[in-house]
Every structure is written in structure tokens, then in C-alpha cells.
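Peer 1: Here are the chains, one letter per residue:
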Amino acid sequence: MTMSRISRRNFVKLMGAGGALSLFGLAGCETAPSKASGTSSAKAAPRVVVIGGGFGGATCAKYLRLYDPGLNVTLVEQNASYVTCPGSNWMLGGLRKIEDLTQNYDALRDKHGVDVVIDRVVGVDTAKRVVSLAGGKSLAYDRLVMSPGIDFRWGEIEGYDEAATLLMPHAWKAGPQTVLLQKQLHAMPDGGTFIMTAPPMPFRCPPGPPERASMVAHYFKTHKPKSKILILDAKDNFSKQALFMQAWDQLYPGMIEWVPVTSAGKVVRVDTATRTVHTANGSTEKGDVVNIIPAQRAASLAVATGLANDAGWCPVNQLTFESTKVPNVHVIGDSSVAGAMPKSGHTANNIAKMTAAAIVSLFRGVPPPQPSHVNTCYSLVSPDYGISIAAVYRLGEDGQLQGVKGAGGLSPANASSQQRAQEAGYAMGWHKGIVTDSFT
Amino acid sequence: MNGMHIAACCAAGLALFGTAVANAQTISRGQVIAATCYTCHGTHGVSPSDIPSIDYIPAERMIQTLKAYKTGTRYSTVMGRHSSGYSDEEIVETANYLASLQKKGK
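If you read the sequences in order, they're chains A and B.
Sequential numbering of the first sequence, starting at 1, is according to my numbering.
Sequential numbering of the second sequence, starting at 1, is according to my numbering.
Some hints could be false.
[Claimed, not checked] Derived coverage of chain A by chain B (criterion: at least 3 residues anywhere in the stretch with Cβ under 8 angstroms from a Cβ of chain B; other residues may be distant):
id, region
1, 121-128
2, 348-360
[To be verified] Capping the alpha-carbon separation at 30 angstroms, the derived lysine-lysine pairs in DSS-like fashion look like this:
id, chain 1, residue 1, chain 2, residue 2
3, A, Lys405, A, Lys221
4, A, Lys432, B, Lys67
5, A, Lys235, A, Lys173
6, A, Lys221, A, Lys97
7, A, Lys183, A, Lys128
8, B, Lys67, A, Lys405
These aren't lab readings, by the way, just hints derived from the structure by calculation.
Glycine included, C-beta positions come from ideal geometry on N, C-alpha and C.
Hey, can you work out the whole structure from these sequences and the hints?
Peer 2: Here you go:
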């Protein structure tokens, strides 16, 4: 019998009660997976395979080894390097180069003893507990951690497909798309219009779209001051809205126009040839550079593995992040449903550590620690104007991660310019910190 | 499942949260909360940036500082928003854990 056969609801209730009899010991009774994979011989050390080398996967692989150096941990990632989404808006503002944001997996391999495999996953047999790779290898696991990130809901905006991203970049997965958007902005004449769309919730990095508008505004102000920015938003409000708008009035007066969904914010069709977008209200806008950030869902691999719900995201036991749909598979990062926690790199990093602690505990047959999480999202409005939102999260009695009342919140509305500059410095420090904590 | 497993399972099951016996097998509450600090302050509290390192601070001073952030008697940009999310007991456990890292040389 494995723990995974116990109802998640009861499980969370029992653990949440604090002091209730634990059922976690049962996890120690797990048997080794069958040798059906053929290529991996059974080993004494428990085997964890982590899929996805972003903030979630990299952090989880590292902390699994920190918490238990005896574990056999393999990280599978299809690219040899990773460009962080946090900080990619700063590229558009001219504050960072792509090299500054690019990470590799050397330290995970050399310093932390993670077996790093650069290959693409073609399938997961969750019954046999085997991951198959495009290169022909198979990896057997006792527990699998999936941190595959997001994919886009193609088809929700007519005319916007993968081919269209080469003309109207999304730049919502950092890398070549970010470079492309930057090139287009650099080529744009002064006095041009930059149109960007913001997606409906839930999506990766809620303060990302207004931060992007801010960084493009900073670039325009310093290089193309007659230019305009139009944000067409599929929502009727956005993260840190009052703080952003206050800052825009002060730093970029008249440059940024935000159109909510209740006005004409919802884009339903694009024409890449004419760089035109059409809204649900029937209005049409023509841009010199158009950035479409599409609606999102859990990555296709998570969906193909049977981990996603009807809404397209992966429900989990928020104590252990084990899937509620497939046993022995933990889902972390943006593709998972993490209660009230936003889809951010910071969230992914924190969830990854708690999941590592939970997996180590499950292997040892002891109760996982009660979770404690933090999220801190900094946004740069200009190089010396930073704002933030923060929260501390606990597992509620309903099994959902909830923000602790009385803690967290936004930067103050009446902060001094000195405080804004301090937070801008901390934003950049935060990036160094999370990158170091996740990848080195 | 054999009898030995069941015995081991039950023994593990009797451990209580918060009063977990100091056991190398247990990941403590202080360790878990400290790990949330590392996202900004660096793994094991060694910061790679202008954000202060927190790996060298004696527990008493750390407790005083975090409590002062929590009550607002000490200025901060974000630490007040964080430290107000923890009980005094959790602050003590976290400070003790961070201080112990220094002694162990991490």
C-alpha cells in the first residue's frame, strides 16, 4: 500500500490538525518500481526524476540533494541553458543583456551531485514509473517531480499561432522571443505605437505586463520620447495597479494608455501582415510593434501525463504537491494550482523547497514539515523606481495555501523616492538571490 | 506490507508536529522557514547581492531584529511585511536554525 491511495482530503485534514496520528509512515512501505524500464537497474537509494529546469525544477533538484545527499536525483531539461523570465522585461528597458539572465546546470551537477540530462521527455508511464526521453533513454523513478511551466492556449485569438509569434512576439518565455521583441522596439521609429496585450487570469507573473509597459516606457523616454504604449487587457484590473499608475503619471505622463476588458481591452483577432489587432468591441488598433501575451495553461507534457484538470492546470495536495490525479508525481511551478500563491519564480522556488522536504520526509517515513511559503514580486518602473508585493502563505484547514492575514501587502503608496530607489536595488538583488538559490 | 514496515510506520506516525524530537530524520520548522529566506538572502543565508547576508547573526540579535520589523519599530521596505507573518515562537526557531548553520560551517 502506498500513501498515495489515501484520500487527499483526509490526508490534508489529518496533517493540518497538527498532532493527529500521521499516516506518512506508510510511504516508507513503497516498493521499488518494476524493472519494466529495462534500462535502469534497481538501486538502494530512492530515485527522484525532476522534469523541467526552470526555477521550480532546478530548486527542487538542488534541495532534494541538500536535504538528503543519499537521494539519487536526475534533472531532465531539454535546453542546456535557461533564460530567466524575471529580469527579461529589464532587457527591454536596456538594463540587462540576455547573458545576464542566462543560467546553466553546471553547479547542480558538479556541486550538488544532480544527474543532469539534457534531453526532451517524450512520455511518462505513470503506472510503471518510467520517463522516456527523445534520445532513447528511459529513467525509472520512485517519485517524479514535474515542473514543466506553461503553454499558451493557441486559438483563443484568431490569427495568433506559433508562426505569428515571429512577427508579433509573446516574449512570455524568455529567450529568443525577448530578443526579437527588443529588436522590433529598437527598429521602431520615434513616434510609433507599441501595443501589448495582457492575458486573463491565471497566468505567469501577474505584475509582468505592467512592468513590461514600464520598461518599454523607460526605453522610449530615453530614446523615442514621442512614442506611445497601448495596453489591451483581458482583465478589468491588474497587479499593483494603483502603484503602477501613480508611477506612470509621475515618470511617463501621457505615454501609457491602459484599456480594460470592460472597455475595449479584449483582443479577438490579429492581422500580422498589417500589425493590426481587433477587439471584442469591434475596434481596431494598428501598432508599429505588437506584443501578444496569450492566455495560458499548464504545459502540454503535464496535460499529456493526465495531471491537468478541466481548467488546464494541475491540482495537487498543497502539503506535498503530489498530484491529486496521478500518484507518485509531484507538480510544482506555474503549472500547479498552489492555492492563493501567484504563478511566479519566487513561488516556484518556495514550493520546490517544500516539495523537496516533503519527498525526503515521505521516503524516510516521517511527517513532512508544515509548509511555510513566501512570495515577493518586485517590479521595476524605472531603473531607480521599484515597487513590490509580498505575502507569507500557510496551509489552511481546507488544504489550500492561504496568505497570512496581517502580513504581506504592497509597497506604501506614499513612499519617498529614496524608498522607491531602495526597492529598485532590492529588485536587482532579489534576481541575484533567487538565481543563486535556484541554480548554484 | 510486512509486519516490520507496519511497526516502523506507526512509530513514525506518533511524532507530533511542533514537538518533533530532535531527530536527524526530521526537517524542522525552523529549517523550513529559513529556507524561505534564502530566495532573497541566498542559500544558507549567504547573499550574492546588496541584500544583507543572514548567516552570521547571533540568534538573540536576529530575534530582536525580526520582532522589531514585526512591530514596526525598525524601518524596512519589505521585512515588516514578511516578519508579521510569523509567531514569536517561529521567529525564535528560525533564528536559532540560522545561527546553528554558522556553527556547523554549513
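Peer 1: Would the pair Lys221 (chain A) and Lys97 (chain A) pass a check requiring their Cα atoms to be no farther apart than 30 angstroms?
Peer 2: holds, 19 angstroms
Peer 1: Starting from Lys432 (chain A), check that the Cα of Lys67 (chain B) is at most 30 angstroms away, please.
Peer 2: holds, 27 angstroms
Peer 1: Does the region 121-128 of chain A contain three or more residues whose Cβ lies closer than 8 angstroms to a Cβ of chain B?
Peer 2: It is violated: at least three residues are needed, and the region 121-128 of chain A offers just 0 whose Cβ sits closer than 8 angstroms to chain B.
Peer 1: Straight-line Cα separation of Lys235 (chain A) and Lys173 (chain A) no greater than 30 angstroms?
Peer 2: Distance ~21 angstroms between Lys235 (chain A) and Lys173 (chain A) Cα, so the pair holds.
Peer 1: Count the residues of the region 348-360 of chain A whose CB lies closer than 8 angstroms to any CB of chain B, then report whether that count reaches three.
Peer 2: holds (count 6)
Peer 1: Check the hint pairing Lys67 (chain B) with Lys405 (chain A) against an upper bound of 30 angstroms on the C-alpha distance.
Peer 2: holds, 17 angstroms
Peer 1: Holds or violated: Lys405 (chain A) with Lys221 (chain A), Cα cutoff 30 angstroms?
Peer 2: With Cα atoms ~39 angstroms apart, Lys405 (chain A) and Lys221 (chain A) exceed 30 angstroms; violated.
Peer 1: Is Lys183 (chain A) close enough to Lys128 (chain A), meaning Cα to Cα at most 30 angstroms?
Peer 2: Between Lys183 (chain A) and Lys128 (chain A) the Cα gap is close to 47 angstroms, so the pair fails against 30 angstroms, i.e. violated.
In summary, the numbered hints that this structure violates are 1, 3, 7.
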